[in-house]
Amino acid sequence: MSEKEIKNLEAIFEAKIARDEKIEPKDWMPEKYRKTHIRQMSQHAHSEIVGMLPEGNWITRAPSLRRKVALLAKVQDEAGHGLYLYSATETLGISREELYEQLHSGKAKYSSIFNYPTITWADIGAIGWLVDGAAIINQVPLCSTSFGPYARAMVRVCKEESFHQRQGYEIMLTLANGTPEQKEMAQDALNRWWWPSLMMFGPTDDMSTHTEQSMKWKLKRKTNDELRQQFIDQTVPQANILGLSIPDPDLKWNEERGHYDFGPINWDEFWQVVKGHGPCNKERLQTRVDAWEEGEWVRDAAMAYAEKKAERKVKQAG
Amino acid sequence: MSEKEIKNLEAIFEAKIARDEKIEPKDWMPEKYRKTHIRQMSQHAHSEIVGMLPEGNWITRAPSLRRKVALLAKVQDEAGHGLYLYSATETLGISREELYEQLHSGKAKYSSIFNYPTITWADIGAIGWLVDGAAIINQVPLCSTSFGPYARAMVRVCKEESFHQRQGYEIMLTLANGTPEQKEMAQDALNRWWWPSLMMFGPTDDMSTHTEQSMKWKLKRKTNDELRQQFIDQTVPQANILGLSIPDPDLKWNEERGHYDFGPINWDEFWQVVKGHGPCNKERLQTRVDAWEEGEWVRDAAMAYAEKKAERKVKQAG
Amino acid sequence: MSLKKHDFRENGDKIDYILTIADNSLILGQRMGELTGHGPTLEVDIACTNIALDLFGQVRSYFQYAAQLAEKSCTEDDLAFLRTEREYKNVLLVEQPNTNFAYVIAKQFLFDHYHFLFLNELQNSNDATLSAIAKKSIKEVSYHKRFSSDWVLRLGDGTSVSKEKIQKAINDLWPFTQELFEPNEAEEKAVELGYGVDIAKLQEEYKQAVEKVLIESTLEVPVFEFYQRGGKKGVHSEHMGYLLSDMQYMQRTYPGMKW
Amino acid sequence: MSLKKHDFRENGDKIDYILTIADNSLILGQRMGELTGHGPTLEVDIACTNIALDLFGQVRSYFQYAAQLAEKSCTEDDLAFLRTEREYKNVLLVEQPNTNFAYVIAKQFLFDHYHFLFLNELQNSNDATLSAIAKKSIKEVSYHKRFSSDWVLRLGDGTSVSKEKIQKAINDLWPFTQELFEPNEAEEKAVELGYGVDIAKLQEEYKQAVEKVLIESTLEVPVFEFYQRGGKKGVHSEHMGYLLSDMQYMQRTYPGMKW
Chain Z
194 MSEKEIKNLE AIFEAKIARD EKIEPKDWMP EKYRKTHIRQ MSQHAHSEIV GMLPEGNWIT
254 RAPSLRRKVA LLAKVQDEAG HGLYLYSATE TLGISREELY EQLHSGKAKY SSIFNYPTIT
314 WADIGAIGWL VDGAAIINQV PLCSTSFGPY ARAMVRVCKE ESFHQRQGYE IMLTLANGTP
374 EQKEMAQDAL NRWWWPSLMM FGPTDDMSTH TEQSMKWKLK RKTNDELRQQ FIDQTVPQAN
434 ILGLSIPDPD LKWNEERGHY DFGPINWDEF WQVVKGHGPC NKERLQTRVD AWEEGEWVRD
494 AAMAYAEKKA ERKVKQAG
Chain W
194 MSEKEIKNLE AIFEAKIARD EKIEPKDWMP EKYRKTHIRQ MSQHAHSEIV GMLPEGNWIT
254 RAPSLRRKVA LLAKVQDEAG HGLYLYSATE TLGISREELY EQLHSGKAKY SSIFNYPTIT
314 WADIGAIGWL VDGAAIINQV PLCSTSFGPY ARAMVRVCKE ESFHQRQGYE IMLTLANGTP
374 EQKEMAQDAL NRWWWPSLMM FGPTDDMSTH TEQSMKWKLK RKTNDELRQQ FIDQTVPQAN
434 ILGLSIPDPD LKWNEERGHY DFGPINWDEF WQVVKGHGPC NKERLQTRVD AWEEGEWVRD
494 AAMAYAEKKA ERKVKQAG
Chain F
-14 MSLKKHDFRE NGDKIDYILT IADNSLILGQ RMGELTGHGP TLEVDIACTN IALDLFGQVR
46 SYFQYAAQLA EKSCTEDDLA FLRTEREYKN VLLVEQPNTN FAYVIAKQFL FDHYHFLFLN
106 ELQNSNDATL SAIAKKSIKE VSYHKRFSSD WVLRLGDGTS VSKEKIQKAI NDLWPFTQEL
166 FEPNEAEEKA VELGYGVDIA KLQEEYKQAV EKVLIESTLE VPVFEFYQRG GKKGVHSEHM
226 GYLLSDMQYM QRTYPGMKW
Chain C
-14 MSLKKHDFRE NGDKIDYILT IADNSLILGQ RMGELTGHGP TLEVDIACTN IALDLFGQVR
46 SYFQYAAQLA EKSCTEDDLA FLRTEREYKN VLLVEQPNTN FAYVIAKQFL FDHYHFLFLN
106 ELQNSNDATL SAIAKKSIKE VSYHKRFSSD WVLRLGDGTS VSKEKIQKAI NDLWPFTQEL
166 FEPNEAEEKA VELGYGVDIA KLQEEYKQAV EKVLIESTLE VPVFEFYQRG GKKGVHSEHM
226 GYLLSDMQYM QRTYPGMKW
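Chains as they are written, first to last, in our numbering: chain Z, 194 to 511; chain W, 194 to 511; chain F, -14 to 244; chain C, -14 to 244.
What the hints contain is simulated information worked out from the structure, not anything from laboratory work.
Please note that the accuracy of each hint is not assured.
[As the list claims (entries may be wrong)] Partial selection, computed: residues in chain C whose CB lies under 8 Å from chain F: (1) Phe166; (2) His224; (3) Ser230; (4) Asp231; (5) Tyr234; (6) Arg237; (7) Thr238.
All of these numbers come straight from a predicted model, not from anything done at the bench.
Even glycine gets a Cβ: it sits at the ideal position worked out from N, Cα and C.
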């Protein structure tokens, strides 16, 4: 293609985005757009899959049948999200195997929040309330992002996530209104998940890369710090209803800003976890790799069977 | 060797046994004596090793620290018994590897009693009381059997077994004097272990082989039925002290015989388990095979290191 | 807390019968739930979790009904989490471990075919609630049966590796199938009184259905002389204790709390 | 039942300190006990069980003492079995699973060297009971240290397979070693009041001792920037819950009974 033709395609592409029209897989797109989307969407898919593990840790130990069923359904939803996010990513010309390979080799990232352990039942509530809550704030804008398959996947994801978030909050509410031991369990979970949840919005704006480009492509509509503030402003009153304290001595309402002020985030911890040295990074990845490797013979069998079946059909037809 | 020489050696050998002198590994012995002893002693060693498993099943779940320590020590003693019974068997010119191979391939037997599951804590008490109790009755006569290494090993084994038996009985006593739930647990364990314990003495005399030869070699001094009767006569009063009922409606004191009469034993079950189809045969064997195979690289390493060390010594000396 | 027959008084037999049915779904569901997040593909992971969800849904219907029948006030969770090991009535088959995916499938397959025939009959129970639960559940179980049979087919007629694995799993689990058709006391009583299924009568049809799939899967039908039993009388395998210690952990550690 | 600091009143700090010490032996002993009956040789099986026995023996001395100090009547078993996960103070290192024999040895090795140095200092405690326990235990632990170091040597300088396995285990467990030398509140207080050990001071000697064995074993000394911590504050790994659900099973299921 001539340089002029490319310029022309780029112009059409940018105009489309500006008009809030969707880019579809068959449409021309700049290589950087494709690559950025593969990276972000697969990272998102991986997060769903790895995110099944901390919650899955409590399936066999859920405290009631009702909670067990809800937890199973939730983790299953996450598998579903992973599935359609992978499918959406595949429309960009990369195979599921390649995507897994990137995850398993450590080349691709997933959300760092899933590298923290779930050590009490209240963590299941806290994850629903805080982690899904933060995820929704990150994800709602993506429902109108420029890449069609991603935007459509996100509509479905967000709908289910808000359900999960309410469910998580309800677990916290039950605990907070329960025995002193249960309330203590809820407070403890809030203490441990609060700061990692704030880190889910990424580094502060001055440290963040890619933001401008992502804004243009509607992969981002607000900055990390704006989203983080939104999360805090939304969550603090919810904690108050629960009668739980946010573990931040610097937290207080700033009348002037119309927002909560909050204390400094431990960015050393953030980077330690991002770099693979969180409490569970090693185990999470190993668990995924093990599941994949132990499943190889099963996938091979399914493939071999499908081939045999197809051959037989051909023979019968012939 | 001429036939006459052999006859002569046989005569010396038999005279020795008749005089209650021990046969030692370096002594001449008939091939059948050697083979029979390898079979019985290794079967005995295997029983100790496989016998570690049903009790080992409760180490992580023992209900108190005191009981956990006692159970660990007991299972360790069994490993010790296995160790010196294997060593004693090795003096007959067979290697430990060959003996394991016989166990792992299913060629060698071990006591069928260990193919029943331990499903409550009371089973640990019942095994000590009944299974070790039956074992002692089988084994005490072996302390004066003709083959020296076996006899000496059995002296040590029997001493520890009686300690285990008392310990098991004390567990039962604690349960029997505990809450109704605990007493029920004890009764349930007695119900499940009683009949398999009676089977430990082997088939009835009219069905039993080898007995005459074994008597001559002092591998046996009483018949299966005599030993079984001794066990019952000894155990019934113990059950009475516990306030537990023996699960045999036909059990009653026979004034004339001076023994307890008892009901028919389910020999179908006996043979099913002996033939490898008891509740845990498969798992017990698999567990041993797994431990052995998973340990191979460890044994290889120890061997390689020992060789390197020896070489270095030679070099230093040279 | 521990619930015993004498707590149930006049409905004791029926409650025991319901537990005999529901414990199978409970323990099989618990095993299936262990797989969630660890399946060989995402699609299979989702399908297996679905089966667990169906099974727990059935468990809740059964236990809620049993709790209603009990004179002593109790809840579905008391029944699910607060019995001792000897009080669970599930067959040994369903508590067997997920040694590998072949065992997951073989266990499910061998149970599903029974479960389907069982529910088919339970629809005719003279107890309206049991009949209604059966009507609702049989649709789900008919899907389970198709899923597990399809996988037996894929693994049996897939690669030589998968064939060997599924054959070994089928062989290892086969000795647990006989217990499915041997009624315990509660089941005998239930047939007598018309609310239960005469399970012994299902065996022939079961045999045919299972063998048909095995043969289509190019697998051998195991021939066994000896079978394992005990679960229905509460005598379980050594696997059961560990399963329960996890499953009951919360209810045991924090007694009497609402979650 | 759940024991909390406020149940201990004035001796609360000392009791917390004793738990911080004893929980390491408890959880490491529990892990070692899992191996019994499954060791690579009978001799190793016996030796490992011996280590478990020593550790539980120490636990009993510590907990009996702590129970004496508690104002609320409690027993060694209450302390061992009736706390919630967040109340156990053991370091993360000792709760790590027995992935294979290399992990069993590496875990024991990395802990034994610390344990030895720790007990050596604890002998000087101004608390006569703690000092006496230390004096008795250090003989045992000196044997543990020799056993685990000898095996690091054998595996490291054994075959290429064993070298790879023990190196991986050492690397994987290394990030848990820093926590050994970071005092929790109870430990700080204990140093202040003279009954505790200033663990931070042990680190250099530990490093030298461990590195010496690794080098002799032809293994590489891991270099890490990031370490894991949390156990001492009761924030454990996901392995801990499963360990506890088995360990506490009987006491939780049958509360208040004598065994």
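Query raised in the report: Of the numbered hints stated previously, which ones are contradicted by the structure, given in increasing order?
Result: 1, 2
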